[in-house]
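The residues making up each chain are set out below.
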Amino acid sequence: MCEDIFEIGGVKLNSRLFTGTGKYGDDSVIPDVCEASGSQVITVALRRMDLESATGNVMDFIPKHMQLLPNTSGARTAEEAVRIARLARAMGCGDWIKIEVISDNKYLLPDGYETAKATEILAKEGFVVFPYVNADLYVAQSLVNAGAAAVMPLGAPIGTNRGLKTREMVRILIEEIDLPIIVDAGIGRPSEACEAMEMGADACLVNTAIATASDPLMMAKAFGRAVKAGREAYLSGPGATKVHADASSPLTGFLGGE
Amino acid sequence: MVVVLNGKEVNVTEGMTILALLESKDVSPQVVVVERNGDIVPGENFGTTSLNDGDHLEVLRFVGGG
Amino acid sequence: MSKVSFYSVLAEYASVPLDEQFAAVTAEDVRRSLNKMTPTIEDFMNFMSPAAVPLLEEMAQKASRLTAQNFGRAIQLFTPLYLSNFCSNHCVYCGFNCKNKIPRDQLSLEQLEVEAKAIADTGLKHLLILTGEAPAKAGVDYLEDCMGVLRNHFPSVSIEVFAMDQDEYARLVATGADGLTMFQETYNEELYATLHPKGPKKDYRYRLDAPERGCKAGMRVVTIGALLGLGDWHRDAFFTGMHAAYLMHKYPEVDISVSPPRMRPHAGEYQPASIADDRDLVQYMLALRLFLPRLGITVSTRESAEFREHILPLGVTKMSAGVTTAVGGHTQEHDQVGQFEIADTRSVDEMCDMLRRCGYQPIFKDWEPIELQAKASA
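Protein chains in written order, with our numbering: chain S, 1 to 258; chain C, 259 to 324; chain F, 325 to 702.
For the record, the hints were derived by calculation from the structure and aren't laboratory data. Relax, there's no trap hidden among the hints.
With a Cα cut of at most 27 Å, we get these calculated BS3-like pairs of lysine-lysine:
#1 165/S <-> 360/F
#2 526/F <-> 540/F
#3 23/S <-> 165/S
#4 165/S <-> 221/S
#5 360/F <-> 228/S
#6 124/S <-> 574/F
#7 117/S <-> 574/F
#8 23/S <-> 64/S
#9 106/S <-> 165/S
#10 540/F <-> 117/S
#11 461/F <-> 441/F
According to the in silico footprint, chain C covers these stretches of chain S (three or more CB under 8 Å from chain C):
#12 10 to 24
#13 38 to 47
#14 56 to 65
#15 70 to 82
#16 89 to 98
Facing chain C, according to a computed beta carbon distance under 10 Å, are these residues of chain S, among others:
#17 50
#18 158
#19 205
Yeah, the Cβ is synthetic: ideal placement off N, Cα and C, and Gly gets one too.
Between the sequences and the hints, there should be enough to build the whole structure, so can you do that?
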């Protein structure tokens, strides 16, 4: 079986698991998580530097081969997201940007309209845009039109670990949207990541479930395997189960004998 | 003179460059991005960009996030 | 957005050995396709293959469920109104072929008013207007004038006429036309050329892209299809399904339908190259329903009353009633020649009785336009 490469934003990836750097009790475990999970894409956020005290730099823990995916967390409007994206790019780690525009502090649900606006501006400036949105067909279509590199629908609200609550809508996106679909947020268990991949998602982004596991390394390994398993299941196609028909043919009997 | 650095007023010497300011705070210029009065200052210009009285500076860097 | 046209999609299949692929499908493949929640074009091929024939009842059970879920137990009724049979095309299979010596007629606006009123009196609200291809006599201007009369009687009017430009479709949309029916006849380009040796309809590609122009021009409903029997009906059916999927994906706001007419006798005596028998037609309809659960399926009176009754649970969503294919045939008495022979001559009332008896609700009106851009003619 030939290798399954995920090509996106000009990069060829062997792994369809994206990881994050948030919520770790100890950032020093991040490089081992990257290795254990096989992930090659990792998200970071952009914040004001604390100039009063010396704190560690998360970049020290991100292996050099990882593709960086900065996010615009903190942005409440398209304008803020654009500003953060430009700042992130000025760090010199590439053109990828995950757009997160959230003004809802209770559920952390993304604002699809502002996200689409930011996508259009940033795509024109040459960014490789990964917009994080609700699993909505019209929003996704507007992202296609705006020049996004992918659509990242949430499985469930950020940090809830509730799994693929939006699975039916994500399924529709996979069917209808001509862009890679990367399920992001809410995935709490490897089986949920596996399910997303089995449905035909192109990748999953998992942060909280790994970072807050009691054994992040083992959980990272499990997620890596789960994403692979789901992908292989999708590629091989499900088996045929026999659909029992009645002995009589009530609907097609009128056509006569064999 | 006074500049606003990450939301706080600080005293700096006349004509101080961004690079000098970062060094005075023990910040490596490689790990930050600087915005001055809303404009991004390219890293290679840190040493040649002098601050003016009342400048608003934002010094940001990557941190953990999902 | 992609600049792809359906022509380029079809071109990719030019070198694909479809016959071999159809023959290679197994019953297991068909079962697998039947179990899928969202079938692909490959599954459609499986449904259309010879291997699917023994599984027709299973396909019918699922197709029937899908049809009920998506359309309810309701059939929308309409009737065709032939405005003019003048034609400059030499389509070898058609009763209106310009070389056929038949009486030619075209409705004046006064005659149209009479015909329209007669049809409206039967309760029908969805109309399909047809012409041949005679740009000077029955062109876009004439159609606009006719629409001025018709929109006073019908909230929904579809056009099944010669292929036209996008802005011409837009002009008709502005006068109240909301549906476009365009039969490709055959998706086999070489065969198409021999069937349409002369006249504007000779242009294969222009016709192929017409449904898309209609979508872009604002048509609410677009119906496509091939005339089964002109060529290898399997291939034409397959490409029709592909064309429908292409339009549905690219224009999700448009209601896409397929009509699967089979060749019937007519004045010109053209003999079908392949015969699609009842089982074939049922297989085609089921395959379409399973592949595209929200696709409209229209069955005309080329099919017999008995057949049309049997296929009610199998995916059909629209049917014609009280049909005549002659110009002025709804009201005028003289001996007109129709485009094809009608196999189901039942009136609107008779169709409604049949539908209700079979547990279906006849739908007369499915649409009400809120406003029209062009002013109604006096």
